[in-house]
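Enquirer: Listed below are the residues making up each chain.
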Amino acid sequence: MANLQGIYYDGKTSKAHSVDIILNANTIQFDAKYADPQKHIWSIGEMEDIGFTASDTLQIKYGDFPHQTLILKGENARRFHQFYPELKKDPIFHRVLKGNLFKVVFASLFLLIGTVLFNIYVLVPYVSEKAVVLVPKQAEITMGERMWPLYEANLNINEQKSQQLNAFFEEVGFESQYPVELYVSDLEHVNAFAMPGGKIVVFQGILDLMDSWEELAGLLGHELAHVEKRHSFKSICASLSSYLLVSVMTSDVGGITAVILESGINVQNLVHSRSHEKEADEVSLAYLQELNVDPNGLVELFEAMQAYSENDIVSADVAQALEFLSSHPATANRIAYLTNAIEKTNKTNYPENEDAAILFEQLKQGKSIDAFIP
Amino acid sequence: MYLPTLINPILFNNTKFIHMNSNTTFREETGSTRLSNHQIRFDGTAGRYFGIWIVNLVLTILSLGLYYPWAKTNLRKFIWNETRLNDDKFVYHGTGQELFKGFIITYAALFALMTLVYFTNWGIILFYLALIVIVPFAMFGSWKYKMTRTSWRGIFFTFDGDFQEFLKIWFVHGLLTLVTFGIYGAWAWVKLRQYLFAHTKIGQNRLDFVGEGGELFGLNLLGGILMMITLYIYTPWFIKDRFNFAVNNTVIKHPNGEDRLISNLTGGKVFEVMIVNFLLLVVTAGLAFPLTFVRSRQMFTDHLEIPANVNLDLLEQGDIKQEGGNVGDEMVDAFDLDFDMGF
Chain A
1 MANLQGIYYD GKTSKAHSVD IILNANTIQF DAKYADPQKH IWSIGEMEDI GFTASDTLQI
61 KYGDFPHQTL ILKGENARRF HQFYPELKKD PIFHRVLKGN LFKVVFASLF LLIGTVLFNI
121 YVLVPYVSEK AVVLVPKQAE ITMGERMWPL YEANLNINEQ KSQQLNAFFE EVGFESQYPV
181 ELYVSDLEHV NAFAMPGGKI VVFQGILDLM DSWEELAGLL GHELAHVEKR HSFKSICASL
241 SSYLLVSVMT SDVGGITAVI LESGINVQNL VHSRSHEKEA DEVSLAYLQE LNVDPNGLVE
301 LFEAMQAYSE NDIVSADVAQ ALEFLSSHPA TANRIAYLTN AIEKTNKTNY PENEDAAILF
361 EQLKQGKSID AFIP
Chain E
1 MYLPTLINPI LFNNTKFIHM NSNTTFREET GSTRLSNHQI RFDGTAGRYF GIWIVNLVLT
61 ILSLGLYYPW AKTNLRKFIW NETRLNDDKF VYHGTGQELF KGFIITYAAL FALMTLVYFT
121 NWGIILFYLA LIVIVPFAMF GSWKYKMTRT SWRGIFFTFD GDFQEFLKIW FVHGLLTLVT
181 FGIYGAWAWV KLRQYLFAHT KIGQNRLDFV GEGGELFGLN LLGGILMMIT LYIYTPWFIK
241 DRFNFAVNNT VIKHPNGEDR LISNLTGGKV FEVMIVNFLL LVVTAGLAFP LTFVRSRQMF
301 TDHLEIPANV NLDLLEQGDI KQEGGNVGDE MVDAFDLDFD MGF
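Chains as they are written, first to last, in the numbering used here: chain A, 1 to 374; chain E, 1 to 343.
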């Protein structure tokens, strides 16, 4: 038994009542000095510490709304806590704030980094992969169409060559369940990309590197695989989820609206996961075999790109090439597994396609223009 | 052991309240008339703020954002419960569970709207239409929620506003703002604030807001011009003017009459806080953010006073039940339109 001093508020008025508190095993007891004295007996299990953070003050809430409040300060609060360590309170904060701060900081930083990595590399891609399947194809196509004007404006699309590329696509015999539209950009990027829903952009820079129509066919097969396997859409969903996550983390929830409205994602620089790239390579290979096109073109294209990135042609171009390559499986590695897969087919004779070759020669004509690098 | 609490922000305050503390420790139920105004102080420390911030961050990420309502509740509890009116802290009674409902509804609605914006032509129109209703709803709901979840000495704030009335004001004055290309905005702001305040009570004491739109407009205009001329050096004085306008026009109606809240914030003080905060952030590469947060908070709360005329010992709870819609609360955050009175 001990006596402590506190201040009592009855929940009816803001009048302060100084009280002497008697501490029993499972209850506390005090008299409020009204004109008509009232005896209060509170059981420990029904009291709640609502002081939250301030360590020198104890605020105890009791009863239903409007509840009564008992406040103890300084030594009184400390002794009360000693007597009733089991007093109900906001668990996590009292533990964190009363623990060793350095331990807390390091543990949280460790946990933080682990969680971010886990979310970005495991959880978000997994959820996106699963969720995307539920979205109807038409929605994906519409999304691509809505995004297109934003890209088109900066791409220097060459109308004539785009038509030739579409003709080439048909000539080789590619087919898709999406309304595929191909575009040639006059820019010198060594790159190509696919938008969700079937739009594919090939830059003049990568055309310049090619020596045969089979290489172009290999590239288109690769991009078409991205479309068919909905890779762009999946990646957009993944990066959007990451954006959402980051916004929530930084409490910048207001920013989410902006991100979604502006679409905030650059398909051009979209980083496909390596598994997406490998899948696209394999699917491309399957297309080429089905269409009776020499799949070595794809290998030659990778070899040309590898050589390109190794030779310092123009530093800016190298940067571009590396940017493209970095998101892909190591090029040597790709060449190896593709060569391996091609050898397994035991096929060496592929028919020549004159029309495709002519269209390819037309596409190679003309010079790319310096890319605007934002 | 750790730096932030060594530089206890309390040290930056004037020492007036410390004397006051010792005088008022033995305040008894005599209903004595006070000579000095009621002081508001923020006692939060940078160390505690950092503790809350880091836990919020980790749990929010771990839960893929679902912890956010609880994180927000933690932060509010910290702010409310470290804010002291005379000797007694405010208490925030909101809970994460309550906010979670609003959070889910908000995000579901936002997601649905965004899907429409992406996939249809008319989605964007719907989005703006929805925004017109959601924004006042968020302002109203957030204010109501915060007020009805706040108590001092066990006496709760109450709110008896009606959303339809508020919406009407929003539409009329919003429209006027629109057709005047924003010039009427100052009057609209005052009108909305006035509605919210006039329907808020602490105990039996009703608040009110008596600021004039014209004064606010003049303030904004003058502030804007002076900031441009002085290359934004005038900013602290503009902040001071805006704060003082908000505070000095807030009225508390009590049994002994009506009194305005008092702000004694000076431009020099704002200037000092901003400069020191800026330097702290630069020197520590941003790591001092808990300290700058606390300093900014104190800058406002510590210069807020309630006139001595208001007898804070005589607040009465009256016959009320805790209530308050909570959907609006999250919405405010989602659209970044928090309508805060500043304590």
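The hints are simulated quantities; they were obtained by calculation from the structure and are not laboratory data. Do not rely on the hints blindly, as some may be mistaken.
[Said to hold, decoys possible] Some residues of chain A that are not near chain E, with every Cβ distance over 10 angstroms (derived):
#	residue
1	50
2	87
3	143
4	146
5	332
[Unchecked claim] Quick list of simulated restraints, FRET-style, between CB atoms:
#	chain 1	residue 1	chain 2	residue 2	range
6	E	35	A	107	24 to 34 angstroms
7	A	362	E	286	53 to 63 angstroms
8	E	63	A	86	43 to 53 angstroms
9	E	97	A	78	40 to 50 angstroms
10	E	124	A	107	22 to 32 angstroms
11	A	279	E	101	56 to 66 angstroms
12	E	101	A	45	20 to 30 angstroms
13	E	182	A	87	51 to 61 angstroms
14	A	118	E	258	12 to 22 angstroms
Only a predicted model underlies this, so the values are computations on that prediction, with no experimental measurement involved. Think of the CB as a built atom: it goes at the ideal place given N, C-alpha and C, for glycine as much as any other residue.
Enquirer: Next step is simple, just say for each hint if it's right about the structure.
Expert: The hints, checked one at a time:
1. 50: With a cut-off of 10 angstroms, residue 50 of chain A comes too close to chain E, as the shortest Cβ separation is near 6 angstroms.
2. 87: The claim holds: residue 87 of chain A sits with its nearest Cβ about 16 angstroms from chain E, beyond 10 angstroms.
3. 143: At about 6 angstroms from chain E, residue 143 of chain A fails to clear the 10 angstroms cut-off, so the statement is violated.
4. 146: Answer for residue 146 of chain A: violated, closest chain E Cβ roughly 6 angstroms.
5. 332: holds (37 angstroms)
6. E:35 - A:107: 24 to 34 angstroms: Between residue 35 of chain E and residue 107 of chain A, where Cβ atoms are some 50 angstroms apart, the hint is violated.
7. A:362 - E:286: 53 to 63 angstroms: holds (56 angstroms)
8. E:63 - A:86: 43 to 53 angstroms: violated (28 angstroms)
9. E:97 - A:78: 40 to 50 angstroms: Distance hint for residue 97 of chain E, residue 78 of chain A is violated at roughly 31 angstroms.
10. E:124 - A:107: 22 to 32 angstroms: violated (46 angstroms)
11. A:279 - E:101: 56 to 66 angstroms: violated (41 angstroms)
12. E:101 - A:45: 20 to 30 angstroms: holds (28 angstroms)
13. E:182 - A:87: 51 to 61 angstroms: For residue 87 of chain A against residue 182 of chain E, whose Cβ atoms are near 53 angstroms apart, the range 51 to 61 angstroms holds.
14. A:118 - E:258: 12 to 22 angstroms: Hint violated: Cβ distance 58 angstroms, outside 12 to 22 angstroms.
When the structure is compared with the earlier hints, violations turn up for hints 1, 3, 4, 6, 8, 9, 10, 11 and 14 and for no others.
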